[in-house]
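*Asks:* Residue-level listing of the chains:
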Amino acid sequence: MDARSRYLLGRRLSVIQVLALGALGLLILFYGWLQIPRHGEFEKQALSQAVKERSLPAPRGIIYDRNGHPLVDNRKALHLVIQREDLPADPAVVADLAAALQLDPDEVARKIHTYRNAPKGRPLVLMENLDEAGIALAERVRARYPFLSVQVAPRRVYLGDGLAGHALGYVSEVDDQMMGRDPGRYQLGEIVGRAGFEASGNAKLKGVDGGKRVLVDQLGREVASLDREDPKAGRSLYLTLDAGLQKVAEEAFAQEKGAVVVLDLRDGGVLAIYSSPTYDPNLFLDRLSQEMVDRYLRNPVQPMLNRATQGIYAPGSTWKLLMALSGLEHHVITPHTVFYCGGHKSFYGHDFRCDKTHGSLDLIGAIAKSCDIYFYEVAARLDIDQIHETAEKYGLTVPTGLDLPHERAPRVPSREWKRRVKKEKWYAGETISVGIGQGAVGMTPMALARFYALLATQGKEFEPHLFHGFQDPATGARDATSTPLPKQVDTTNPDWWGVLHEGMAHVVESGTAATNPLVRQVAKEVPFSGKTGTSQVATFVDKAHYAQLAKHLKDNSLFAGYAPTDKPQIAFAVVVENAGFGSEAAAPIAAKLIQYWFVDRMKNPLPPPGGKVPDAFPVAPAAED
Amino acid sequence: MLRRLRALDGRLFLVILALLFMGTLTLYSAGRGTTQSGLWLKQSAWNAAGLTAMILLASVDPTRLFKKSLLIYAIGILSLAAVLVVGHRIGGARRWLAIGGQTFQPSELMKWVTLLFVAHRLGSRPMDRVEKQDFLGVVAIVAFPMLLVLKQPDLGMALSFTPILLLIPLMKGLKKRTLAVLIVLLPIVGVVAWKKVLRPYQKDRVRIFLDPESDPKGKGYQITQSRIAIGAGGVVGKGFTSGSQTQLNYLPVKTTDFVFAVWAEERGFLGVLLALGLYGALLLRMLEGARAAKTLAESYYCAGATGIFAMHILVNVGMVAGALPNKGIALPFFSYGGSSTLSVFLALGVVMGALHRARIR
Numbered sequence: 000m001d002a003r004s005r006y007l008l009g010r011r012l013s014v015i016q017v018l019a020l021g022a023l024g025l026l027i028l029f030y031g032w033l034q035i036p037r038h039g040e041f042e043k044q045a046l047s048q049a050v051k052e053r054s055l056p057a058p059r060g061i062i063y064d065r066n067g068h069p070l071v072d073n074r075k076a077l078h079l080v081i082q083r084e085d086l087p088a089d090p091a092v093v094a095d096l097a098a099a100l101q102l103d104p105d106e107v108a109r110k111i112h113t114y115r116n117a118p119k120g121r122p123l124v125l126m127e128n129l130d131e132a133g134i135a136l137a138e139r140v141r142a143r144y145p146f147l148s149v150q151v152a153p154r155r156v157y158l159g160d161g162l163a164g165h166a167l168g169y170v171s172e173v174d175d176q177m178m179g180r181d182p183g184r185y186q187l188g189e190i191v192g193r194a195g196f197e198a199s200g201n202a203k204l205k206g207v208d209g210g211k212r213v214l215v216d217q218l219g220r221e222v223a224s225l226d227r228e229d230p231k232a233g234r235s236l237y238l239t240l241d242a243g244l245q246k247v248a249e250e251a252f253a254q255e256k257g258a259v260v261v262l263d264l265r266d267g268g269v270l271a272i273y274s275s276p277t278y279d280p281n282l283f284l285d286r287l288s289q290e291m292v293d294r295y296l297r298n299p300v301q302p303m304l305n306r307a308t309q310g311i312y313a314p315g316s317t318w319k320l321l322m323a324l325s326g327l328e329h330h331v332i333t334p335h336t337v338f339y340c341g342g343h344k345s346f347y348g349h350d351f352r353c354d355k356t357h358g359s360l361d362l363i364g365a366i367a368k369s370c371d372i373y374f375y376e377v378a379a380r381l382d383i384d385q386i387h388e389t390a391e392k393y394g395l396t397v398p399t400g401l402d403l404p405h406e407r408a409p410r411v412p413s414r415e416w417k418r419r420v421k422k423e424k425w426y427a428g429e430t431i432s433v434g435i436g437q438g439a440v441g442m443t444p445m446a447l448a449r450f451y452a453l454l455a456t457q458g459k460e461f462e463p464h465l466f467h468g469f470q471d472p473a474t475g476a477r478d479a480t481s482t483p484l485p486k487q488v489d490t491t492n493p494d495w496w497g498v499l500h501e502g503m504a505h506v507v508e509s510g511t512a513a514t515n516p517l518v519r520q521v522a523k524e525v526p527f528s529g530k531t532g533t534s535q536v537a538t539f540v541d542k543a544h545y546a547q548l549a550k551h552l553k554d555n556s557l558f559a560g561y562a563p564t565d566k567p568q569i570a571f572a573v574v575v576e577n578a579g580f581g582s583e584a585a586a587p588i589a590a591k592l593i594q595y596w597f598v599d600r601m602k603n604p605l606p607p608p609g610g611k612v613p614d615a616f617p618v619a620p621a622a623e624d
Numbered sequence: 000m001l002r003r004l005r006a007l008d009g010r011l012f013l014v015i016l017a018l019l020f021m022g023t024l025t026l027y028s029a030g031r032g033t034t035q036s037g038l039w040l041k042q043s044a045w046n047a048a049g050l051t052a053m054i055l056l057a058s059v060d061p062t063r064l065f066k067k068s069l070l071i072y073a074i075g076i077l078s079l080a081a082v083l084v085v086g087h088r089i090g091g092a093r094r095w096l097a098i099g100g101q102t103f104q105p106s107e108l109m110k111w112v113t114l115l116f117v118a119h120r121l122g123s124r125p126m127d128r129v130e131k132q133d134f135l136g137v138v139a140i141v142a143f144p145m146l147l148v149l150k151q152p153d154l155g156m157a158l159s160f161t162p163i164l165l166l167i168p169l170m171k172g173l174k175k176r177t178l179a180v181l182i183v184l185l186p187i188v189g190v191v192a193w194k195k196v197l198r199p200y201q202k203d204r205v206r207i208f209l210d211p212e213s214d215p216k217g218k219g220y221q222i223t224q225s226r227i228a229i230g231a232g233g234v235v236g237k238g239f240t241s242g243s244q245t246q247l248n249y250l251p252v253k254t255t256d257f258v259f260a261v262w263a264e265e266r267g268f269l270g271v272l273l274a275l276g277l278y279g280a281l282l283l284r285m286l287e288g289a290r291a292a293k294t295l296a297e298s299y300y301c302a303g304a305t306g307i308f309a310m311h312i313l314v315n316v317g318m319v320a321g322a323l324p325n326k327g328i329a330l331p332f333f334s335y336g337g338s339s340t341l342s343v344f345l346a347l348g349v350v351m352g353a354l355h356r357a358r359i360r
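So the protein lines, in turn, are chains X and Z. For the first sequence, position 130 (counting from the first letter as 1) is numbered 129 according to numbering that gives the first Met the number 0, and the numbering increases by one without interruption. For the second sequence, position 167 (counting from the first letter as 1) is numbered 166 according to numbering that gives the first Met the number 0, and the numbering increases by one without interruption.
Only chain X is shown next, with the shape it has when bound in the complex:
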């Protein structure tokens, strides 16, 4: 290489050198600009995409019966979820995802749309309570859509195959309707009580959700947990129910429709409350299938209706005690007033019948034999508003205040009521039917039970309740929750209680209820008192005609009372729909309850329901909570 070439090359190579080093210098400046002044900004972006909040749902309190047997427990369930930040936007992805999971694509799209506004960390639950097949399906689909994840969440389990279904109710995800009705009260995706005590006691039972911050990778998978605030479980509590008595009540009904309430006369606690047909709350935790909707929600028999608090029944002859009190209070009769029963009598131009010809009866005899003519005579001497006044005094015009949702008030007619509801004036003839608990009078079994508790205790008006107290977390025992004291309702003359008690004792000893062999047998061991009732559902001409009536038009059978006769401890009301005479269907059910409560329970109590249900799936520590 000649010297000139070397010189020229050297000069030109220097230009290349300056250019290359200059470019490197510019890059260094550029990196410096990204890494020094803008470091904070990028650091924040890196954190915000890698650090995510996750909510940790708190388990609700466990519900025990009065003896500490669990009725409702929690177990871990696996849900297939999408975190809010991972919700797919592409409609094709949504459709494909729904198809892969065998879900309704419109429903999935709607949910995804709703959950764009979900609170931080609360995931969208696509599939609830995965079983083994569900987990296998979820894992398969997850391979394609890694933003899916499986969340472990506490889930309610109702023990004892739906024992006390109506009383306990159930929980499920809050729906749009509830959110719209009460904005701000619920959070999207929250699990809330939807019926029964789960609903009315929601605030007592629900815990405080925890949360955690996790590192997620680019596919949205959790890689590590940064910090966490553990969820606080809801408080466990006791109900006044006795699981054994509840079971006896439910078995006693077999296939019959109706309701029963048993009250504890020490404090007004509900020992048993049952509505037939019932439902198993375990079936209502997830979104309902069409089959479930048809079977339960659209069924004309209304299995979801709690007949004990929402069923309004004509009380029939069980109403006669109220008529007796009203007659006495308004001085139209005395305990010794005698009326003559000739089998039928005409009032206001209508012929009213009795099912027997009783002859001359005083008040005690009229109650024992359930003579209709006697109470027609009482009603004929009273104004409807006077009857209403007495009913109001003894608490029969308002809901009992039991801590279950949507309790209905009993219906006791008055002039004002008829004007308001029927837009008509009251006819005196209508008062005669009210005298025997027919016509416009309607009682819930709950209201009837409370009235008979009042009769048994000589005027104590209880506040019936299911809540029996919280569980002390340290000892596991019930804390000392004081129950509200009953209100004393005084009659004008305290001696009247004795007259009514004598009448009701005769009903079981020798009166209308004594025709039933089971009643007689139980009463021999545990003397009890009460009043039968047979309330008409349809009008019929004679006994032959009645025999031909369809089952659902037959009379309702009622029995209300208390036991034991001398020192009452429980009061009860039983209604069996379309079952005929009170003595035939309702009274034997009451007898079975008394038999269990006072005899069998001491010797041989029923085993507790269910027991502890194990977790459905063992949960690896990594997937904990």
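It is worth saying that the hints were derived from the structure and are not from the lab. Here the structure is a predicted model, which means the values were calculated and not measured. Glycine included, each C-beta is placed from N, C-alpha and C at the ideal position. Be aware that a few hints might be false.
[What the hints assert, rightly or not] Calculated Cβ distances over 12 Å to all of chain Z for the following chain X residues:
(1) G210
(2) D226
(3) G400
(4) Q535
[Claimed, not checked] Subject to a maximum C-alpha distance of 20 Å in a straight line, what follows is the list of computed EDC-like cross-link-like pairs (lysine to aspartate or glutamate):
(5) Z:K174 <-> Z:D127
(6) Z:K171 <-> X:D1
(7) X:K211 <-> X:E52
(8) X:K75 <-> X:E131
(9) X:K424 <-> X:D384
(10) Z:K293 <-> X:D1
[Claimed, not checked] Which stretches of chain X does chain Z cover? Using the computed rule of at least three CB atoms under 8 Å from a CB of chain Z, they are:
(11) 42-50
(12) 215-222
Once you've looked at the hints, dock chain Z against the given chain X.
*Replies:* Using the frame of chain X, we list chain Z on its own:
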């Protein structure tokens, strides 16, 4: 072998070893916890093979290579043509030849082969005796393999052939008039390229470069995540295997095109300074080869090799930071890849041969 080691250029060798060490650490961290966790070992094997090849080549007189350059060039063209016919297709592009279970990318080696052939042709006559038609010949020699590579398609690779053309102004100098013509012509070429040559995905890359945040979850995702990784590194970095962008997989293609972002996240600005400083030292030493070379051909080769290296380093490091359009181009000593590693070491072997011969002159 020991005798051959004496042919090595000590300074260049130390710089290479330092960069290799950094690159291997980075690959280890980038592959950690993924299906690519063994990649650093594979790359180490390639590095070992490359280093061996470099050492062997350093003791070979480059003149012997130049004499065979036409044959090598012809074989290269044939293999590029073969790629288009029987090549292995990955992601819509035919770039690979499968030989005995191993895929090989002929275009990686071809740029060095082309440089070898061009340096030989231009260096065979004194500098002032080279005429315009010789330059046209050079353009044709470079353009032929470039077009074959564009056909694959692989724009980044095709562009990495262009530094060879730097040899022309190196020999002739650059007149002000030529410079003015170039300045006028470049935008026109740009517009024509945009309308006729660039494919839609390539246009997208340019658009994303101009505004990466316009589609951060979509096509701008790579650049956005890469910049977050670099910026989050700060001055001292997150530490070895401790960068969240890398370890949580937010950073895309982190073992090849975007590997430098891993380094920047874990080692911070100080690490960037060190790496780019070493690359600067590498380029300076290669230019020293061009200055000191015994023959014109060797000098041209060293200068062209410097150009190709500079192109790779500047474009890759610039692209990772979003300072240049997103183009698939490997970073020597950092990016994973067998073909590119071997090619880089072979090229360095020739440069070392030139340096060695200059020393014993």
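*Asks:* Next step is simple, just say for each hint if it's right about the structure.
*Replies:* So, going through the hints one by one against the coordinates:
1. G210: holds (20 Å)
2. D226: Fine: 16 Å to the nearest Cβ keeps D226 (chain X) off the interface.
3. G400: holds (56 Å)
4. Q535: For Q535 (chain X), whose nearest Cβ neighbour in chain Z is about 72 Å away, the distance exceeds 12 Å, so it holds.
5. Z:K174 <-> Z:D127: Between K174 (chain Z) and D127 (chain Z) the Cα gap is close to 16 Å, so the pair holds against 20 Å.
6. Z:K171 <-> X:D1: holds (16 Å)
7. X:K211 <-> X:E52: holds (6 Å)
8. X:K75 <-> X:E131: Measuring from Cα to Cα gives roughly 14 Å; hence the hint holds.
9. X:K424 <-> X:D384: The hint holds at about 13 Å.
10. Z:K293 <-> X:D1: This hinted pair holds, its Cα atoms lying about 10 Å apart.
11. 42-50: With 6 residues closer than 8 Å to chain Z, the stretch 42-50 of chain X meets the three-residue bar; holds.
12. 215-222: Since 5 is at least three, the answer is holds.
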